[in-house]
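K.L.:
One letter stands for each residue in the lines below.
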Amino acid sequence: MLIWVLLYLLLVFSFIFILVIPVVKAYKGVNSDYVDVKARHMAVKNEHDTVFERLKSLQAKYRKVIAAFENRWDEKRFMEQARKYFLQVRLMPVESNVSDPNYKIYEINALTKMESPQNFYRFLESFPSIPFVLQADFPIAFKAHGSDEIEGIFRIRVYEEKKGVESNRSRESVLNR
Amino acid sequence: MRYSFIKPKRKPSIDSESRILAIFLAVTLLLVLGFWAFMLTKKSSISKETLHLRQQTRQLKQKSQSYRAQIERIEHLAKKYETIATHNTLLKESIRNLFDLVPDQITLTKAVLDKGGLVLYGVTPSKDVYNYLLLAPLKSVFQRNVTTFYPLKNGWWRFVSVNEGSIESGSEVEE
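Chains as they are written, first to last, in numbering that gives the first Met the number 0: chain A, 0 to 176; chain B, 0 to 174.
To be clear, the hints were calculated from the coordinates, so they are not data collected in a lab. Note that this is a predicted model, so its numbers are computed, not measured. Just so it is clear, CB atoms sit at the ideal spot from N, CA and C, and this is done for glycine as well. Treat the hints with caution; some may be incorrect.
Partial list, derived from the structure: chain A residues whose beta carbon lies under 8 Å from chain B [to be verified]:
1. Lys44
2. Glu46
3. Pro116
4. Ser128
5. Phe131
Throw the hints in and build the complete structure from the sequences for me.
P.N.:
What follows is the structure, encoded as structure tokens:
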């Protein structure tokens, strides 16, 4: 009987020293690693959430600005808007000598007829409502045409973002989240 | 021939105390093995969870990086838009102010504005009217003014006023 008990004790202690203690040690190591990884994950997740919130708020705030830079230049749409302010509008593309690595820039001479310079001021004020990024520029010329008409010629620069189309998909995916 | 009045019973190979002890020993052994198996499973599940968390952390980092790039892009666009809008407003105000300088007595027939200055063509009843009412304010805006007068049959003067100097309009839209 005593031999059996001794044999049992030997077996139990062997199991404990050979199996249980190494696995508990390994578990402790893995668990400590897990705690570190979890803490780092939470920190990264918090940072990610903050950045994502900021991105969403910026996208909401500058939705029109982003769309304006992404819109491809459409002369017809521009003319529809311009005709509201001028009696006549004609556009003449000019070879642009302005370059920007981030933007595609079109330069256009607008040949217009208007009743008074007020039309020109109102047209400039309407730029934020036009779905393109427009910059009026020199040279600007006004010439009396008859007694009640002014011929106005001015330069317009249209800014298009070069990378806009490529990055649209990722932005849409963010907005849809 | 029988020597006993009772029926003999077979002696059990393990007595009851030994059996209880054996069961106890077996249970404790099983407990030790069960604990080992439990720890092994737990360790393996935590290892998998750690690996999963590491992957998620890596993905979140990549996403954050992409979001940051998008934020930078939007801020850049917003800044550019703001600069262009300011340029347009300044340009409009500059032109409005220049035309406001022209008194009612003088009629403009043509105005050409460029980065380098302003050229005005018009008709004035007299040189004095031009000099006092238009040239004086033009001198305060431009560095150099040259005016040429041409007499008209009705006694008025046609003038060409060349004014050199920069017109404030935010000039170039630069980053």
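K.L.:
Less than 8 Å between beta-carbons is the criterion; does A/Lys44 satisfy it with respect to chain B?
P.N.:
6 Å, holds
K.L.:
Return the status of the interface hint for A/Pro116: holds when the least beta-carbon distance to chain B is below 8 Å, violated otherwise.
P.N.:
6 Å, holds
K.L.:
Mind checking the CB of A/Phe131 against every CB in chain B and telling me if the closest is under 8 Å?
P.N.:
Violated - the Cβ of A/Phe131 stays beyond 8 Å from chain B, reaching only about 11 Å at its closest.
K.L.:
Close enough to count: is the Cβ of A/Ser128 nearer than 8 Å to one in chain B?
P.N.:
Not OK, violated: A/Ser128 not within 8 Å of chain B, min 12 Å.
K.L.:
Can the hint on A/Glu46 be confirmed by a CB-to-CB distance to chain B that is less than 8 Å?
P.N.:
6 Å, holds
Checked against the numbered hints given earlier, the structure breaks hints 4, 5 and satisfies all the rest.
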